[in-house]
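Let's have the full structure, built from the sequences with the hints guiding it.
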Amino acid sequence: MGAGVTGSRRLTRLLAVIAGALCGLTACTGEPDPSPTSTTPVPSASTAASPTWPPPRPTIRTGEEACGGSAFNPRAVRPYNPDGPAYAGAPIHLTALFVMHPYASGELESELPGEWQAQWHPGMYPEQYTQLVVCEYFDDDYQSKKVETCTYNTSTGGKKTAELRSARFIYRIFEAKTGKQVSRFTLPGRVNSCPAVVYGAAGGAHYQLVLNEELTAKLRPLVMARRPG
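Going by our numbering, the sequence shown opens with residue 1, and the numbers climb by one from there.
Bear in mind the hints are in silico, worked out from the structure with no lab data behind them. Hints may contain errors.
Each computed DSSO-like pair below joins lysine-lysine, with the alpha-carbon atoms no more than 30 Å apart [said to hold, decoys possible]:
#, residue 1, residue 2
1, Lys145, Lys159
2, Lys160, Lys145
3, Lys180, Lys145
4, Lys218, Lys159
5, Lys159, Lys146
6, Lys160, Lys146
7, Lys218, Lys146
8, Lys177, Lys145
Distance windows between CB atoms, simulated [unchecked claim]:
#, residue 1, residue 2, range
9, Ala217, Lys146, 24 to 30 Å
10, Glu64, Pro113, 23 to 29 Å
11, Ala86, Lys160, 48 to 54 Å
12, Thr62, Asn212, 20 to 26 Å
13, Pro56, Gly229, 22 to 28 Å
14, Phe185, Glu115, 18 to 24 Å
15, Pro56, Ala205, 43 to 49 Å
16, Gly157, His121, 51 to 57 Å
Cβ coordinates follow ideal geometry from the N, Cα and C atoms, glycine included.
Put into structure tokens, the structure is as follows:
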């Protein structure tokens with residue numbers, strides 16, 4: 001009987017040694033085996049979907065729409081860039097100027113300082129950053145008068161003339177995002193607009209135009225204001 005117990009104990013110890021050896025080769029934690037790693041491929045940065053390029057063009061309306069037409073109609077005013085920034089926060093509030101009359105040739109049209117213009121903003125569609133729209137209208141109610149006569153020499157040695165007349169201009173300023181009018185003022189013309197050369201018949205009339213310096217000074221408190229928001 002004693003020999004049988006001893007033999008049983010030896011067998012138990014042998015099995016324990018074998019089990020320990022096997023646990024040394026394969027981790028025996030008493031926990032369930034982990035689930036197999038997923039083999040589904042994960043897209044890399046290079047294969048992930050890229051944004052649309054070029055980006056879709058934002059809604060940017062024309063000067064006619066933003067100003068209310070060549071003959072001003074307050075009911076026709078539309079937001080210049082309805083998805084753009086509000087007229088708020090720190091300056092500079094980027095500004096677009098539209099000349100809504102035919103009396104200024106290209107080189108004499110009113111112009112804003114370059115740093116005020118959205119067209120110099122980096123990126124595509126810079127107009128979308130515009131916060132203010134300035135609309136320049138000829139003031140038909142102003143009593144214009146002759147200032148001087150523009151005289152031209154013809155190719156045959158003759159003379160042609162045209163009148164230079166006084167004028168006044170109306171400026172309406174709108175928030176680009178909403179189309180809401182934020183200011184209105186008038187300025188007199190002071191610049192001689194007689195063209196240097198006239199092709200064909202002269203005649204008719206030219207009008208004095210606004211000095212850019214005067215327009216800039218009038219707009220500066222709006223463009224450079226620190227606004228709520």
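Check the structure against each numbered hint from earlier and tell me which ones fail, lowest number first. 3, 4, 8
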